[in-house]
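Kindly produce the complete structure, drawing on both the sequences and the hints.
There are 2 protein chains.
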Amino acid sequence: MSEFRFAVNVLPKPGILDPQGRAVEGSLGHLGIAGVSAVRVGRRVELTVEAPDEGAAAAIAERLASELLANPLIEAHGVERIA
Amino acid sequence: MSEFRFAVNVLPKPGILDPQGRAVEGSLGHLGIAGVSAVRVGRRVELTVEAPDEGAAAAIAERLASELLANPLIEAHGVERIA
Numbered sequence: 515m516s517e518f519r520f521a522v523n524v525l526p527k528p529g530i531l532d533p534q535g536r537a538v539e540g541s542l543g544h545l546g547i548a549g550v551s552a553v554r555v556g557r558r559v560e561l562t563v564e565a566p567d568e569g570a571a572a573a574i575a576e577r578l579a580s581e582l583l584a585n586p587l588i589e590a591h592g593v594e595r596i597a
Numbered sequence: 515m516s517e518f519r520f521a522v523n524v525l526p527k528p529g530i531l532d533p534q535g536r537a538v539e540g541s542l543g544h545l546g547i548a549g550v551s552a553v554r555v556g557r558r559v560e561l562t563v564e565a566p567d568e569g570a571a572a573a574i575a576e577r578l579a580s581e582l583l584a585n586p587l588i589e590a591h592g593v594e595r596i597a
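Quick note, the sequences are listed as chains G and S, same order. The numbering of the first sequence is my numbering, which starts it at 515 and goes up by one. The numbering of the second sequence is my numbering, which starts it at 515 and goes up by one.
Think of the hints as simulated: they come from the structure by calculation, not from any bench. It is possible that some hints are incorrect.
The list makes no distinction among identical chains, and a pair is therefore deemed to hold if it is satisfied within one copy or across any two copies.
Claimed, not checked - Within a straight-line C-alpha distance of at most 25 Å, the following computed SDA-like cross-link-like pairs (lysine to any residue) qualify:
| hint | residue 1 | residue 2 |
| --- | --- | --- |
| 1 | Lys527 | Gly549 |
| 2 | Lys527 | Glu564 |
| 3 | Lys527 | Val538 |
| 4 | Lys527 | Pro566 |
| 5 | Lys527 | Ala573 |
| 6 | Lys527 | Glu517 |
| 7 | Lys527 | Arg557 |
| 8 | Lys527 | Asp567 |
| 9 | Lys527 | Met515 |
| 10 | Lys527 | Pro586 |
| 11 | Lys527 | Gly546 |
So this is what it looks like as structure tokens:
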């Protein structure tokens, strides 16, 4: 068994209202930052999976992402291998 | 001026308590998922920056990350160029 580390990125699907993104955009003026748009706010979960090989580990991370970490009705997710 | 898209990943620093990570770990048993550990839960913010070149755009994204999106006392952040 080896250990593999993954990141699961969860973001609101296109077209889904993103009030946190609007809040960030609304704060840019106060900071004097211009030229920033299309802000989407989601979650990032990093985790270690112990499995016989990377494929099996990625399958576990994907299952965790789709069954626990993301709400498939309103969120899209991606699983990324990290160091 | 061109547009560049970035992701800002914000995660609790090592040693900082992460109750959301503990909650995810506590849910794994109910799902019948084994072998997952060291779960850290953070945020991911994706945004578009309009700037003369990629370096200038990355500098704006970094400023936004460090001044608005992350709390440097308890969170580490990274800025990543995405498609």
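Right, here's what the structure says about each hint:
Taking CA atoms no more than 25 Å apart as the test, Lys527 paired with Gly549 passes inside one copy only; the shortest distance there is 23 Å, against 29 Å between copies. For the homomeric pair Lys527 and Glu564, the shortest alpha-carbon distance between copies (23 Å) is at most 25 Å, but the shortest distance inside one copy (30 Å) is not. In this assembly of identical chains, the alpha carbons of Lys527 and Val538 lie at most 25 Å apart whether taken from the same copy (18 Å) or from different copies (22 Å). Neither within a single protomer nor between protomers do Lys527 and Pro566 lie at most 25 Å apart by alpha-carbon distance, with minima of 33 Å and 29 Å respectively.
Taking the closest pair of Cα atoms, Lys527 and Ala573 come within 25 Å of each other only inside a single copy of the chain (22 Å); across copies the shortest separation is 27 Å, beyond that limit. In this assembly of identical chains, the alpha carbons of Lys527 and Glu517 lie at most 25 Å apart only when taken from different copies (21 Å versus 31 Å within one copy). In the homo-oligomer, the alpha carbons of Lys527 and Arg557 lie at most 25 Å apart both inside one protomer (13 Å) and across protomers (16 Å), since each shortest distance falls under that limit. In this assembly of identical chains, Lys527 and Asp567 lie within 25 Å of each other by CA distance neither inside one copy nor across copies; the values are 31 Å within and 28 Å between.
For the identical chains of this complex, Lys527 and Met515 are neighbours neither inside a copy (35 Å) nor across copies (28 Å), given an alpha-carbon limit of 25 Å. Proximity of Lys527 and Pro586 under a CA criterion of 25 Å is satisfied intra-copy only: 9 Å inside one chain copy versus 29 Å between copies. Proximity of Lys527 and Gly546 under a CA criterion of 25 Å is satisfied in neither setting, with 29 Å inside one chain copy and 28 Å between copies.
When each numbered hint is compared with the structure, violations occur for hints 4, 8, 9, 11.
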